[in-house]
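Construct the complete structure from the given sequences, taking the supplied hints into account.
In terms of our numbering, the sequence shown opens at residue 58 and continues consecutively.
Honestly, the hints are just simulated from the structure, not real lab data.
Be careful, since some hints might not be right.
Claimed, not checked - Label-pair distances were calculated between CB atoms; the ranges are:
(1) L278 / P145: 33 to 41 Å
(2) F60 / L278: 48 to 56 Å
(3) L75 / H101: 34 to 42 Å
(4) Y200 / M132: 25 to 33 Å
Stated by the list, open to error - Listed next, the in silico SDA-like pairs over lysine to any residue satisfying Cα-Cα at most 25 Å (straight line):
(5) K300 / M250
(6) K300 / L238
(7) K300 / W249
(8) K300 / Y288
(9) K300 / Q248
(10) K111 / T199
(11) K300 / K111
(12) K111 / F275
(13) K111 / L278
(14) K300 / R254
(15) K300 / W237
(16) K300 / R246
(17) K300 / M184
(18) K111 / L277
(19) K111 / M184
No experiment lies behind these values; they were computed from the predicted model shown.
No residue lacks a Cβ here, since even glycine has one placed at the ideal position from N, Cα and C.
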Amino acid sequence: MTFWDHLDVLRGSIVRMLVAAAVGAVAAFALGDRLFAAILAPTHSDYFLWRWMKAEPFSLPLVNTELTEQFMAHMRVALVVGLFIASPYIIYLLFRFISPALYEHERRYSQRITFGAYLMFILGAAMNYLLIFPLTVRFLGTYQVSTEVTNMLTLSSYIDTLLMMSLLFGIMFEIPIVCWLLALAGLLRSQWMVRYRRHAIVAILIVAAVITPTGDIFTLLIVSLPIWLLYEASILIVRRTRKQTQP
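In structure tokens:
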């Protein structure tokens with residue numbers, strides 16, 4: 058195939074990706090009631106985490122301060138969910154476009170990397186929604202320096218924080234995949250990770266302080282703990298990978 062033929066194939070793939078994302082976004086927009094019921098669930102006492110923890114009843118009302126805020130929040134969430142729904146098909150199209158240029162062993166490793174990275178991203182976003190974000194919202198949404206001060210959390214702030222934290226945790230959960238790739242390339246050893254564990258913990262705290270939406274110690278610790286566990290898991294992965302690759 059010529060260069061222009063490759064461009065035609067790429068253009069066709071991009072058009073299919075956009076169509077798939079648009080269809081997913083329209084479906085998500087049409088199911089807005091159910092979608093926002095799931096998104097806003099952590100603000101009510103009947104959320105499964107609060108029932109499991111037997112937490113005290115609470116309710117965190119959200120307010121709307123702009124004329125177009127609710128509609129734009131609906132659109133933004135629908136676009137993100139639509140992209141998420143279409144993501145397996147988008148990844149398939151990208152891999153189908155790139156795979157003809159790879160050798161057989163490269164294609165095999167690429168499949169593992171793509172599947173592993175996608176799975177870890179989903180796990181990171183899911184952990185944020187199921188555990189990290191609800192705890193953060195409950196703590197910060199009900200925290201008061203005085204009974205004379207009333208919290209008024211806007212819908213836009215709630216949605217933006219949820220999306221940002223989900224993205225960041227999805228990226229953070231790629232740590233084992235990155236470490237595995239570095240171990241395959243011979244650029245990382247488990248002994249180094251153990252030796253510099255204290256330095257890594259300090260770096261994790263710094264990164265957590267940067268990515269957390271607030272500066273309180275509670276949120277900092279909640280964000281730091283999963284990252285530290287991923288680092289410890291990465292040590293085991295690197296150690297096993299080095300043993301498998303050594304002659």
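Results for each hint:
no.	hint	result
1	L278 / P145: 33 to 41 Å	holds (34 Å)
2	F60 / L278: 48 to 56 Å	holds (53 Å)
3	L75 / H101: 34 to 42 Å	holds (36 Å)
4	Y200 / M132: 25 to 33 Å	holds (31 Å)
5	K300 / M250	holds (16 Å)
6	K300 / L238	holds (14 Å)
7	K300 / W249	holds (15 Å)
8	K300 / Y288	holds (19 Å)
9	K300 / Q248	holds (13 Å)
10	K111 / T199	holds (17 Å)
11	K300 / K111	violated (45 Å)
12	K111 / F275	holds (20 Å)
13	K111 / L278	holds (22 Å)
14	K300 / R254	holds (21 Å)
15	K300 / W237	holds (12 Å)
16	K300 / R246	holds (10 Å)
17	K300 / M184	violated (31 Å)
18	K111 / L277	holds (24 Å)
19	K111 / M184	holds (20 Å)
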